[in-house]
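Spelled out, the chains give:
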Amino acid sequence: MPAESGAISRDEVAHLARLARLAVTDEELDVFAGQLDVILGSVARVGEVAADDIPPTSHAVPLENVFRPDVRRPGLSQEQALSGAPAAEDGRFRVPRILGEEQ
Amino acid sequence: MSVITLSAAELAGRIQSGEVSAVEAAQAHLDRIAEVDGSVHAFLHVGAEAALASAALVDEQVKAGSAPASPLAGVPLALKDVFATIDMPTTCGSKILEGWRPPYDATVTARLRAAGITILGKTNMDEFAMGSSTEHSAYGPTHNPWDLSRIPGGSGGGSAAALAAFEAPLAIGTDTGGSIRQPAAVTGTVGVKPTYGGVSRYGLVACASSLDQGGPCARTVLDAALLHEVIGGYDPLDSTSIDAPVPSVVEAARLGAQGDLSGLRVGVVRELGGEGYQPGVRASFDAALQRLEKLGAEIVEVSCPHFEYGMAAYYLILPSEVSSNLARFDAMRYGLRVAEGASAEEVMAATREAGFGPEVKRRIILGTYALSSGYYDAYYGQAQKVRTLISRDFAAAFAKADVLVSPTAPTTAFPIGEKVDDPLAMYLNDLATIPTNLAGVAGMSVPSGLAEEDGLPVGLQIMAPALGEAVMYRVGAAFEASRLADEGALTAPEVAR
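Order-wise, the sequence lines are chains A and B. The first sequence begins at 1 in my numbering and counts up by one. The second sequence begins at 1 in my numbering and counts up by one.
Note that these hints are calculated values from the structure, not bench results. Incorrect hints may have been included.
Said to hold, decoys possible - Rough simulated footprint, nothing fancy, chain B against chain A, three-plus residues with beta-carbon under 8 Å:
1. 7 to 19
2. 23 to 32
3. 41 to 47
4. 57 to 67
5. 72 to 82
6. 88 to 98
Backbone N, C-alpha and C fix where the C-beta goes; we use that ideal spot for every residue, glycine too.
Could you put together the complete structure from these sequences and hints?
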């Protein structure tokens, strides 16, 4: 299937990977840029459909907000919630520093 | 006949009569797994001890003469490794969740346990259910029992291969764009994608939330129906779960097996089945239509003109939802963490780089692009409109036909390695199955025979309106009974050890 070449550049892929918090390698960028260009060239076909006056569907089954009665019910214990954590301390998730400076 | 080749319905009957114990049934399947899974690699984890303990409870109930927990009590099952299990790892075929043990059971897992079904273990899959071959599993591919050099389909290739290799008579899969039906087709087994919302997604690790649907896999239509009734139905823990009774699919399968489809209209979708379909697949489909006609169904042609844009819409909607859903893998609350000592952002980026495989990364990047401002309207927004048009195509087609049919997949099982580096070629496997996910309607794949040119299984896809599973199972069971009477069961050759 011929793709519209140049739908997406290597630099754009690098930018998107940064946004998505993926520290991709240069080799991956080379491969992904070409592959994503081909894929985008193909999926861009949705633009051929005349659909200006067509409402979008985000969900096949129309749903209103779904509520449950506002009553307390058991949830995970603190221990259970932390059971899969890469690091925990004092009953909390231990996370890396989020500011630029060492504390 | 040995215990492992029985259908789930037959095995359940023997367990209830005391002829076979549930422990014997579990052990026979565990032995089979030990014997062949080194070659097939359907399982990522086998929980032998828990399986035998669960089976022993069923045997106690049988001895005590108490009513079975369900019609499938004591029957072994293989569970796709995307459902949370408190007593077994849940990896979704990804390194980022290697060894992760969820703190709770998925609703499907809980219903299987409550039904007395013996969970043997967790099956292999493409990472986070993204793929059509299981080659995107971080733990290596599953091999098709029909030919170990070929793919078993995907993403639920492990579940389908476990059935075809007689490692389990029942399995659970999930179907976002064909991940239950396409593996069923290429392994000669039965797979059902229920109506969206028909089976709870609680505890099912999300791929694309508006498309994901768990469902039953088996070697016979009746077995799939029995399992469907165990796992299906409203779940207050899933806000998209449909608050309506489960369709009476067991009754429908039994009715269908009597072989009379008179009065039913079967619609052939003109846009599914022409170019791009292997000749042996087309021939098997044509023969299937003749068989359905012989059973009394009226064959009508229907047109669904927007189906040809289904794949394009799907590969915009799905990656968009993926890019959002998989943001939760941030190395903070569960799963892998690398680059300890760096900043939170660096830890996240390094962990996701190390923990995700190439297909997952591609889809995250694609979805991030489709949702970017400036591209949103042209890509994601337009895909959602096409989704509306595909639903309208279905509505028009179901006004003319009770069920729709097509080949399930365009080809039989292809060699491992053939498409793994060509994402677009891989995506084409789901051409015929994607529209049902976009519209939320029901679909199933039933074996329709072997392709002439390669002797590999072909599947017939049957689609029905939302909550129209009963008529779908009826048609599937009638077709199956008729084909079995003429051609016998599709049984994979004995697996080389």
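Outcome of the hint check:
no. : hint     : verdict
1   : 7 to 19  : holds (count 7)
2   : 23 to 32 : holds (count 6)
3   : 41 to 47 : holds (count 6)
4   : 57 to 67 : holds (count 7)
5   : 72 to 82 : holds (count 3)
6   : 88 to 98 : holds (count 5)
In this structure, none of the earlier numbered hints is contradicted; all agree with it.
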